[in-house]
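Asker: Protein chains in written order, with my numbering: chain A, 72 to 754; chain B, 72 to 754.
No lab work stands behind these hints, which were simulated from the structure alone. Some hints here could point you the wrong way.
Since the list can't tell identical chains apart, any single copy or any two copies may satisfy a pair.
Below, simulated DSS-like cross-link-like pairs (lysine-lysine); rule was C-alpha separation at most 27 Å, straight line [said to hold, decoys possible]:
#1 Lys483 - Lys331
#2 Lys467 - Lys389
#3 Lys281 - Lys264
#4 Lys378 - Lys678
#5 Lys754 - Lys678
#6 Lys653 - Lys80
#7 Lys96 - Lys730
#8 Lys281 - Lys310
#9 Lys412 - Lys470
#10 Lys310 - Lys730
#11 Lys331 - Lys349
#12 Lys264 - Lys470
#13 Lys678 - Lys310
#14 Lys730 - Lys171
#15 Lys730 - Lys163
#16 Lys467 - Lys264
Protein chains: 2
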Amino acid sequence: PDDWTELDKRAVDTVRVLAADAVQKVGNGHPGTAMSLAPLAYTLFQRVMRHDPADADWIGRDRFVLSAGHSSLTLYIQLFLAGYGLELDDLKALRTWGSKTPGHPEYRHTNGVEITTGPLGQGLASAVGMAMAARRERGLFDPDAAPGESPFDHDIFVIASDGDIEEGVTSEASSLAGTQQLGNLTVVYDDNKISIEDDTTIALGEDTAKRYEAYGWHVQVVEGGENVTGLEAALKAAKAETDRPSFILLRTIIGYPAPKKMNTGAAHGAALGDDEVKAVKVALGFDPEQTFEVSDEVLAHAREVGKRGEHAKAEWQKGFDAWAQANPERKALLDRLVAKKLPEGWTDSLPTYPVDAKGTSTRKASGEVINAIAGVLPELWGGSADLAESNLTSIKGEKSFGPTSITTDMWKTDPYGRTLHFGVREHAMGSILNGIALHGPTRPYGGTFMVFSDYMRPAVRLAAIMEASVTYVWTHDSIGLGEDGPTHQPIEHLSALRAIPGLAVVRPGDANETAFAWRTILENAAPAGLALTRQNVPTLEGTSYEGVAKGAYVLSEASGGTPRLVLIGTGSELQIAVEAAKVLEGEGVPTRVVSMPCFEWFEAQDKSYRDSVIPPSVKARVAVEAGIAQSWHRWVGDAGEIVSIEHFGASADYQTLFKEFGFTTENVVAAAHLSLQHVEESK
Amino acid sequence: PDDWTELDKRAVDTVRVLAADAVQKVGNGHPGTAMSLAPLAYTLFQRVMRHDPADADWIGRDRFVLSAGHSSLTLYIQLFLAGYGLELDDLKALRTWGSKTPGHPEYRHTNGVEITTGPLGQGLASAVGMAMAARRERGLFDPDAAPGESPFDHDIFVIASDGDIEEGVTSEASSLAGTQQLGNLTVVYDDNKISIEDDTTIALGEDTAKRYEAYGWHVQVVEGGENVTGLEAALKAAKAETDRPSFILLRTIIGYPAPKKMNTGAAHGAALGDDEVKAVKVALGFDPEQTFEVSDEVLAHAREVGKRGEHAKAEWQKGFDAWAQANPERKALLDRLVAKKLPEGWTDSLPTYPVDAKGTSTRKASGEVINAIAGVLPELWGGSADLAESNLTSIKGEKSFGPTSITTDMWKTDPYGRTLHFGVREHAMGSILNGIALHGPTRPYGGTFMVFSDYMRPAVRLAAIMEASVTYVWTHDSIGLGEDGPTHQPIEHLSALRAIPGLAVVRPGDANETAFAWRTILENAAPAGLALTRQNVPTLEGTSYEGVAKGAYVLSEASGGTPRLVLIGTGSELQIAVEAAKVLEGEGVPTRVVSMPCFEWFEAQDKSYRDSVIPPSVKARVAVEAGIAQSWHRWVGDAGEIVSIEHFGASADYQTLFKEFGFTTENVVAAAHLSLQHVEESK
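With the hints as constraints, model all of the structure from the sequences given.
Answerer: Now the structure itself:
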């Protein structure tokens, strides 16, 4: 560009040297991409993006997503240069215990990091969610502003690597981004043709630019990572393109200008070695004997972006204040959402259900809850991965999210619409939900069959790591799914999902518990997954909001108040525990029934509460759940029994399956006898 | 086609009527696609594919993969018509308990079903693996035959739906199929523009044909599912195209000719209703009052395919016999592999390691095992999802699998090569491994970081359901991964993988256990996942093949032979158990150390063996494993303690992480004291 100075060039070269030095110091890491993408990253942070290093949370900022998270130095060094609070000592502490510069960027850990991008593909896919959220939020707060005129208008920029391009989750998300015509999204693909197994020709022969054209994206190709003029022009053209997402294929040489290792896999994921680092410095006119050399002049020049950011924010603030003045209700909504508060009295909207032997399915109850609270909680939005009619995730009377051109007979769309249609793309759904939750203050949810939580698991794990406020509506949560058979019946999923630290897996036992579960999820910020039945379950006596919120509680007390036996159930098996308790009480065994919809919430209670629900002194315990026993041993203990299923399911109606696989009152009663016997024997 | 008769037309219409009737009878299922794809399925089974209904295992057969598994009737009705053993009563029993016609096709359950295709995307992705296996097997058995002249030449045909096209796993696999130039693969995409949420315009706006061109596929478009002439011409052109995989976009109308429900989501996944079924029959000239109407003439006509198949097989047999005659060694290899036998004395090739405090990493030992046995086990082949240098999965001296045009500086390729390069596509890798294992008698393996087992989980689950002989090489199996940080460190994965029924998760404790683990895995047929360390672990005293094969065993006995305490460890923490035992023995606590590399193998032993390893009478127990405790409660019991990690990891060197997160001898000793105290208190 015309105003590109020698100082800019020196700053870019400083980035390369810092990248080489930082990896060399710790002895491991990824120097090559941070070196070759130095011009791109510098151009984005210094010349293209609207951001203010003094306020990383400014809602008007452009978002930057480093999908190639292994190249964390690409981001850290720009945060250092721009003045986000990272200093040279932080770069020197790369990848060490307690540092602000871990191996991959971590959200909530380092100021200026928008999202945790470790596993490849997730960043790009979540960026699609951010771009969707930006549009939805604009629709919530400022729908009538002219294009580009709203304080809620901004762009999402992504740097993606070969691995991001190869991972299927980005194909899913990119296809959807094209359908959604996300003009506020720009992805730069660092086509360096090198991955860990060296030359990508061995595994990647496709025409990626053509593939993105097929998705309906605006596609540009820039030759040469050093071509800052072409790069900046492409980025500006991408920003100017508002009807389609933009894809810039940038052809770079990894590790440039390391004389021996550039353009090889050796530059990707290992320190270059002292000699090669020195050679880089010599090539760029730096002192080969110095490390972490940053001239005051370069740093001062780069930190001027702070002034530009301050100015940009001040300009933006005028527009924002005018908007706030003109839109007091919307401003109040924004304030409430940013404060992460729920509105006064919102729980009055929650449905309640009378005790009823016939009952309803918990998925249906969930759908009723969503619809009941949709009016008072405009922040709530979501959809399904092509199972809307099964997951019951749509909000009636609301339009679907999408350009009007994709309206169908069944779904009327609006760019600001509320119901999401992910297609059969569970993984992208998970990543997109993360992007939505990180972008702003709305509360997104997404539905699929519970068995397909496997497809979205990498995104669910990241939600847990990032503590993203995302809700999964996983229906058809057991063999109760019925006829579709073993490939569609969750068996191991409850245990496997409970295994993820920080994820609340909530399996309500009836319609009221479903409403209480939704309430508790929304009152908390942590990611949560609802496990919901396909089939009807009775609406039970004794359920309570307080109990559900604590994860487990006494649903019905043993006669006399002192149990000899505790039966624990969740979801569709809670009713079996209730029935079995009646039989056992009839036999003279004082039996307590515990409903335990959420292990994680229960674990968060203090020991005295936990012991009050499952008394340590009552060793005779039976758990019943239509899944594997793995996560239950802890709760039932040595003398306990677990009525579980330890093999895959089968294709038949659910009544037959419950019977054939032993989820019956008789079996629970038999297990209770066995557990009582264990207790006797151990005396 | 010229020889298409009225009887063919009637047969196709019979398919439609049977599909409508079968779903109507059970009351649920997917009639629409089975109806609209009737001409395609009939053309494939009756006119295009080489197969013999009398021998579903004929190795020379073309393979058929119904990736749109929900449309299982598409397959069942052809199996019925062709004479694979399914009869009308089986169709009448659709989706009911014990029937041969479950909701989705199940491998090993119904004769003629090549693969279990429930979850969308898996069939197409696994078909890529079948096509790869076909080429590799040809290379093993008959590499020098001219193209099309070998008894090992045949084709793979796939029917895929909108959902298959949307799922990312097919994007991964299709990109790789293009790179691999799999000319033996033909995918027909049923572009009916209807999925469960009705018109796919709401979520799928891409130009799919162009996308497949971008992958390097041969692409054809056929308008109209009734266009049997165009369809057959396209299928033959696809078969004739041997340098690229073929993609046929077939534009159909779902549910055709149901007058009210065709071309709507209502025809996709629900019974049509009595009136609509009758209307279909009227439209096709069938008696609306009859159900399951199949004329003898139609059935006899269709079953003639059996004679054609018999003839085709006889022709093929001549070529096969000539090959066998000319290639006795290769024939002997084929016979051994088909018999699922390992060669005499193969275990002599396995490496052994002397006891050594420094030791090696178990991933390195695994790489040495693979290389040591590669010569005697030509059936073994595999690779990595772009982590070959980390997973140590390459076989030295062997070429990579791929057309010579994708040779790189690092990897020499050959169409019959042995080392696989999946790119950063873990999910496709999982599905492809399934396809390879199902296609023929080779033993494939695939590597990635253990944390990315999440990405491949749907395929791993299917391997377990199908009992496919697949081995996963999951390295970097704990916080021992180190600097890459929490997104790359498995925490919950050991428990979450153990949760999958039928999957053996094997975590060897040192180099020798790694060799024993590989041996046991290969001696078994079940899918298995190795959990291997990045970091060195000492080579321990007392390891044994018999012990590893039984899943758990006494590594070192308590002094005096009667333990007061049992310490159980796996993988890199086994050494900590050994060290802690020394301390405890020094304190006068007779302590047994149990190595427990595989829960699943241990569970398969009889109770007396299990009790001999973990005596029920010894309640003081400590397990140590660098993962969550979830799967351990069962083994340590009420008085036990578990040294585990219940939160995500961090970015630092592994020594620091082990110390900071409490995986130390002192902590295990302290846990032992606590467990001994629990036992005392409970007396």
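Asker: It remains to establish, for every hint, whether it holds in the given structure.
Answerer: So, going through the hints one by one against the coordinates:
For the homomeric pair lysine 483 and lysine 331, the shortest alpha-carbon distance between copies (22 Å) is at most 27 Å, but the shortest distance inside one copy (58 Å) is not. For a Cα distance limit of 27 Å, the shortest separation of lysine 467 from lysine 389 qualifies neither inside one copy, at 37 Å, nor across copies, at 66 Å. Taking identical chains as interchangeable, the C-alpha atoms of lysine 281 and lysine 264 lie at most 27 Å apart whether they share a chain (17 Å) or sit on different chains (23 Å). Taking the shortest alpha-carbon separations for lysine 378 and lysine 678, neither the intra-copy value of 53 Å nor the inter-copy value of 73 Å comes in at or below 27 Å.
Both within a single protomer and between protomers do lysine 754 and lysine 678 lie at most 27 Å apart by alpha-carbon distance, with minima of 25 Å and 23 Å respectively. Within a single copy, lysine 653 and lysine 80 get their C-alpha atoms no closer than 80 Å, and across copies no closer than 61 Å, so neither meets the 27 Å cut-off. In this assembly of identical chains, the alpha carbons of lysine 96 and lysine 730 lie at most 27 Å apart only when taken from different copies (22 Å versus 63 Å within one copy). Within a single copy, lysine 281 and lysine 310 get their C-alpha atoms as close as 20 Å, and across copies as close as 26 Å, so both meet the 27 Å cut-off.
For the identical chains of this complex, lysine 412 and lysine 470 are intra-copy neighbours only, at 25 Å inside a copy versus 61 Å across copies, given an alpha-carbon limit of 27 Å. When the C-alpha separation of lysine 310 and lysine 730 is checked against a cutoff of 27 Å, the pair qualifies neither within a copy, at 60 Å, nor between copies, at 48 Å. Taking the shortest alpha-carbon separations for lysine 331 and lysine 349, only the intra-copy value of 12 Å comes in at or below 27 Å, while the best inter-copy value is 75 Å. Proximity of lysine 264 to lysine 470 under the C-alpha cut-off of 27 Å is restricted to the inter-copy arrangement: shortest distance 21 Å between copies versus 43 Å within a copy.
Taking the closest pair of Cα atoms, lysine 678 and lysine 310 never come within 27 Å of each other, the shortest separation being 55 Å inside a single copy and 67 Å across copies. Taking the closest pair of Cα atoms, lysine 730 and lysine 171 come within 27 Å of each other only across two copies (20 Å); inside a single copy the shortest separation is 55 Å, beyond that limit. Only between protomers do lysine 730 and lysine 163 lie at most 27 Å apart by alpha-carbon distance; the minimum there is 22 Å, versus 63 Å within a single protomer. With identical chains, the CA atoms of lysine 467 and lysine 264 are at most 27 Å apart between copies only, with a shortest distance of 24 Å across copies and 48 Å within one.
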